[in-house]
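From first to last, the protein sequence lines stand for chains F and Y. Residue numbers are given in numbering that gives the first Met the number 0: position 231 of the first sequence equals residue 230, and the series is strictly consecutive. Residue numbers are given in numbering that gives the first Met the number 0: position 146 of the second sequence equals residue 145, and the series is strictly consecutive.
Hints may contain errors.
[What the hints assert, rightly or not] Derived Cβ-Cβ restraints for the label pairs, each shown as a range: (1) Y/129 x F/450: 49 to 57 Å; (2) Y/104 x F/184: 24 to 32 Å; (3) F/447 x Y/129: 39 to 47 Å; (4) F/403 x Y/452: 35 to 43 Å; (5) F/63 x Y/336: 44 to 52 Å; (6) F/402 x Y/459: 47 to 55 Å.
[To be verified] Taking lysine-lysine pairs in the DSS-like style, the calculated list, with each CA pair at most 25 Å apart, reads: (7) Y/245 x Y/171; (8) F/459 x Y/36; (9) Y/63 x Y/197; (10) F/36 x Y/459; (11) Y/36 x Y/245; (12) F/245 x F/291; (13) Y/405 x Y/456; (14) F/319 x F/194; (15) F/63 x Y/459; (16) F/245 x F/197; (17) F/36 x F/245; (18) Y/197 x Y/36; (19) F/63 x F/36; (20) F/171 x F/63; (21) F/319 x F/197; (22) F/36 x Y/456; (23) F/456 x Y/36; (24) F/459 x Y/63.
[To be verified] Which bits of chain Y does chain F cover? Going by a derived footprint, with three or more residues having C-beta under 8 Å, they are: (25) 39-53; (26) 238-251; (27) 464-473.
If you are wondering where the hints come from, they were derived from the structure by calculation, not from laboratory data. Values in this document were obtained by computation on a predicted structure and should not be read as measured data. Idealized CB from N, CA, C, for every residue including glycine.
Here's the letter readout for the chains.
2 protein chains.
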Amino acid sequence: MNGADKLCDVLLTNDVDVCFANPGTSEMHFVAALDRKPEMRCVLGLFEGGVTGAADGYARMADKPAATLLHLGPGLANGLANLHNARRADSPVINVVGDHATYHLQYDAPLTSDIECLARPMSQWVGRVETAADMRRVTEEAYRAAVSRRGVSTMILPADAAWGDTEPEDIKPVEVPVAAPASPDQIREAALALKRGKHAAIVLAGRALRADALEIAGKIAAATGAQLYSQHSARHERGAGRVSIKPVPYPVGMAVAALAEFEVAICLGKGAPVAFFAYPGMPSLILPPDCKVIDLGGPETDLLQTLELLCSDLGAGSAKPVLNALTQDELEEPTGDLTPETISQALARRMPENAIICDEAITSGRGFGQISSGLHPHDHLSLTGGAIGIGIPLSIGAALARPDRKVILLQADGSGMYTAQGLWTQARENLDVVTIIYANRSYAILQGEMRNVGVNKLGKNACAMLDLDRPELNWCLMARGMGVEAGRATTIEEFSRLLDAALANRGPFLIEAMI
Amino acid sequence: MNGADKLCDVLLTNDVDVCFANPGTSEMHFVAALDRKPEMRCVLGLFEGGVTGAADGYARMADKPAATLLHLGPGLANGLANLHNARRADSPVINVVGDHATYHLQYDAPLTSDIECLARPMSQWVGRVETAADMRRVTEEAYRAAVSRRGVSTMILPADAAWGDTEPEDIKPVEVPVAAPASPDQIREAALALKRGKHAAIVLAGRALRADALEIAGKIAAATGAQLYSQHSARHERGAGRVSIKPVPYPVGMAVAALAEFEVAICLGKGAPVAFFAYPGMPSLILPPDCKVIDLGGPETDLLQTLELLCSDLGAGSAKPVLNALTQDELEEPTGDLTPETISQALARRMPENAIICDEAITSGRGFGQISSGLHPHDHLSLTGGAIGIGIPLSIGAALARPDRKVILLQADGSGMYTAQGLWTQARENLDVVTIIYANRSYAILQGEMRNVGVNKLGKNACAMLDLDRPELNWCLMARGMGVEAGRATTIEEFSRLLDAALANRGPFLIEAMI
Numbered sequence: 000m001n002g003a004d005k006l007c008d009v010l011l012t013n014d015v016d017v018c019f020a021n022p023g024t025s026e027m028h029f030v031a032a033l034d035r036k037p038e039m040r041c042v043l044g045l046f047e048g049g050v051t052g053a054a055d056g057y058a059r060m061a062d063k064p065a066a067t068l069l070h071l072g073p074g075l076a077n078g079l080a081n082l083h084n085a086r087r088a089d090s091p092v093i094n095v096v097g098d099h100a101t102y103h104l105q106y107d108a109p110l111t112s113d114i115e116c117l118a119r120p121m122s123q124w125v126g127r128v129e130t131a132a133d134m135r136r137v138t139e140e141a142y143r144a145a146v147s148r149r150g151v152s153t154m155i156l157p158a159d160a161a162w163g164d165t166e167p168e169d170i171k172p173v174e175v176p177v178a179a180p181a182s183p184d185q186i187r188e189a190a191l192a193l194k195r196g197k198h199a200a201i202v203l204a205g206r207a208l209r210a211d212a213l214e215i216a217g218k219i220a221a222a223t224g225a226q227l228y229s230q231h232s233a234r235h236e237r238g239a240g241r242v243s244i245k246p247v248p249y250p251v252g253m254a255v256a257a258l259a260e261f262e263v264a265i266c267l268g269k270g271a272p273v274a275f276f277a278y279p280g281m282p283s284l285i286l287p288p289d290c291k292v293i294d295l296g297g298p299e300t301d302l303l304q305t306l307e308l309l310c311s312d313l314g315a316g317s318a319k320p321v322l323n324a325l326t327q328d329e330l331e332e333p334t335g336d337l338t339p340e341t342i343s344q345a346l347a348r349r350m351p352e353n354a355i356i357c358d359e360a361i362t363s364g365r366g367f368g369q370i371s372s373g374l375h376p377h378d379h380l381s382l383t384g385g386a387i388g389i390g391i392p393l394s395i396g397a398a399l400a401r402p403d404r405k406v407i408l409l410q411a412d413g414s415g416m417y418t419a420q421g422l423w424t425q426a427r428e429n430l431d432v433v434t435i436i437y438a439n440r441s442y443a444i445l446q447g448e449m450r451n452v453g454v455n456k457l458g459k460n461a462c463a464m465l466d467l468d469r470p471e472l473n474w475c476l477m478a479r480g481m482g483v484e485a486g487r488a489t490t491i492e493e494f495s496r497l498l499d500a501a502l503a504n505r506g507p508f509l510i511e512a513m514i
Numbered sequence: 000m001n002g003a004d005k006l007c008d009v010l011l012t013n014d015v016d017v018c019f020a021n022p023g024t025s026e027m028h029f030v031a032a033l034d035r036k037p038e039m040r041c042v043l044g045l046f047e048g049g050v051t052g053a054a055d056g057y058a059r060m061a062d063k064p065a066a067t068l069l070h071l072g073p074g075l076a077n078g079l080a081n082l083h084n085a086r087r088a089d090s091p092v093i094n095v096v097g098d099h100a101t102y103h104l105q106y107d108a109p110l111t112s113d114i115e116c117l118a119r120p121m122s123q124w125v126g127r128v129e130t131a132a133d134m135r136r137v138t139e140e141a142y143r144a145a146v147s148r149r150g151v152s153t154m155i156l157p158a159d160a161a162w163g164d165t166e167p168e169d170i171k172p173v174e175v176p177v178a179a180p181a182s183p184d185q186i187r188e189a190a191l192a193l194k195r196g197k198h199a200a201i202v203l204a205g206r207a208l209r210a211d212a213l214e215i216a217g218k219i220a221a222a223t224g225a226q227l228y229s230q231h232s233a234r235h236e237r238g239a240g241r242v243s244i245k246p247v248p249y250p251v252g253m254a255v256a257a258l259a260e261f262e263v264a265i266c267l268g269k270g271a272p273v274a275f276f277a278y279p280g281m282p283s284l285i286l287p288p289d290c291k292v293i294d295l296g297g298p299e300t301d302l303l304q305t306l307e308l309l310c311s312d313l314g315a316g317s318a319k320p321v322l323n324a325l326t327q328d329e330l331e332e333p334t335g336d337l338t339p340e341t342i343s344q345a346l347a348r349r350m351p352e353n354a355i356i357c358d359e360a361i362t363s364g365r366g367f368g369q370i371s372s373g374l375h376p377h378d379h380l381s382l383t384g385g386a387i388g389i390g391i392p393l394s395i396g397a398a399l400a401r402p403d404r405k406v407i408l409l410q411a412d413g414s415g416m417y418t419a420q421g422l423w424t425q426a427r428e429n430l431d432v433v434t435i436i437y438a439n440r441s442y443a444i445l446q447g448e449m450r451n452v453g454v455n456k457l458g459k460n461a462c463a464m465l466d467l468d469r470p471e472l473n474w475c476l477m478a479r480g481m482g483v484e485a486g487r488a489t490t491i492e493e494f495s496r497l498l499d500a501a502l503a504n505r506g507p508f509l510i511e512a513m514i
């Protein structure tokens, strides 16, 4: 067997059985090895940003890593922005990046570049296979790092390590260290702060936004009067019957005002909230300067157990958390103009239970977030790292991980254009995704930011960089060009009809909402 | 004035008056400053790969750098693959990458990443502005490095350096060191080798493939019996009346065979040719092991003057170079199937003088290269770094640099899908580009490479990763969706009619050739 066969064996033994791929010449032996393993599902992306974003979406919904197959430094580079988002989502991903044969590197052939240097900023772990004999050890390390540290592992695979011979081995699943909860001292400190009756916020992120962890956090809040806040996270289990929680607002001023009264903040899943961007005269930190922050751990911590221990210390086990009431069935059919708000309402009325909402709607999506707590239980996947172009890829990964659930993608038009090629993969794999394009034909968020810097009237160059209406994009044509059925809505009634049809069928459909 | 205004002033003073951009929140003060400078032409790309590839195409045809505007680490990352190509094309580019305000970096906000680390592999020069007061110095350094070293400069612009106040200054154009020719000793060594009557190849790349340099190389060849060979380069001035030169073939076996007889190779513009990829049992170096290589300098060398000195040393000034004969006007109208070969012939008959050919046709373009020496004089821009997805962006930059010349883009379908968003920029700027899509609905080059590794029948997973026909792409719909008129050809007659119409009009047009 060759090194590439061994790589496949280690991945499959560890239940990594999906490979999002865009291969090149240096990976042909790996492609040939994958071709000998029909139990591996290989999914082609027509661009590497689609490959890595799909791996992120898959990890969020499957709770296990997929592999990616990327071609040398430029192939990795094309995938880095969505690896940045994956890193901020604490998503385990195993990148396999092909490289030239070891002896070929010295000649600086045209596609040569410093892959380690490119990988490092977006990877928790970076390693290189030296020879085929080394394959098992390095692949197992990559897997262990991705799973135990919930992060991006990037493994560099020289062509001669892939084609080189190696002995068969008895490969066993990797033992991954079990995550520990926060220390007793940390938990005690948090409990004491809560008992003292100070104004306390419990700020949750990551794994702490799953329903089971939220349930415990809700009991703690009910028993102590603490307020629950959420930060943008990989996967927030939302909806009626789940614990009520407020998001930390995105605009810095609103966020600071919302958290101004708190004397203590207990953070789980991520550190204390910070402003997405700096603005002249505005603070970087959202919490008031004298607020005490107690950090109970990030993605490497067992957050559920941490909350259970804290709940138990507080004797809050029988407290009744405030749960979201079901309002979905009472929502009225929207009328009037086609706007982000009426779209939200039309969607909210129709959203099927257990839907997976992939949200890259940017400015257009805020209304839906406000309604969504009253809808039937569902998952909400957000743009964790701020690198736009994740929506369509995320929908691919989520739909592949959970073919039993409807995926609804809320997609801003400007961001959608980053990785629109992913629509083709939606069609190729017949994924059950409804894509809603909020076609406002501008970088609306940036037009708002221009006002923030004091520019109220855009000149020639600002318009050249911030509007998208010359020429107008036609998403229906683009979608059909990639094999995805599509319809355009210019009224809310048209939108609702298209959405009814899309939800009644399986398979990809795109609605272009001309807001 | 603020730092961003100063940055604009330094760029404009140095005749950098085109900025390919995709901004974000952290660059709003730079956008506002650009908006106060109507003499700067700002061109929006809907994805950063389009931005950087356009800057490369612009530099190749304008012989000066454009600026880019990129949003933080992920924005830069999206542009890295085409910066890799720009680096391999020796194209001067000045990237301006926004970053968080200096004091905000410590909080690791969601969009924070190690920008220097991302930039370094694809940049000759990387620098960071510390304060607005620092702006002039750093911008001038970035400019000097890009121009004198013909490379990619990446300048990191923290938001507070952009918005911070700074005093007006009297800004003068940067003095750029003049490139020197190869040393007298090197030239003498080359002259002696040529005089000794050994089998000699003169291998040209980069600036040495412009008509003036080729003319001198042709005299040297005529006087000494040396053979001329070209390597893939940024811009090769080709066609009838120009010096005849053979390309080093892409397939390793053919390349090795072509150069097997040479005892001496004199290289200008790039080092000795190397195999694009390594293959088991095949050499990495193309020249025979005992061939003596004399390197007369890379992009930092004055190659024209070097050739002139060599020519003079050899007394070859009055030798008659072998020039390409004009065959264009004798070519027959092709009939029969629509194939890469008949497309080449139809195009060759019709190609206008001074056309700029942007070539990312991969396997489909080889035939055109063989005919092109007999066509009216034109420029040929090739894929220098092997990172696919450059064709459409390259056409944008070339057309902006030379609005007086027709740009013809030969585009493979798989590669075109990487940066198809650029079609929208073609339409927005009404660029005079005819795009020919070679729609073979596969990664044909990789299917060939699979045969090279001994796989003759592709299985489920190999097909999943190498064919593009499920679903079939429709480039006409995609192009129209982005505002570019398009037509599909299924016969050579249809193709020729569409090409006639496209060449008769100005503005972008796309032909989808169903080969």
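Hint by hint, which ones does this structure get wrong, listed from lowest number up? 1, 3, 6, 7, 9, 11, 13, 17, 18, 26
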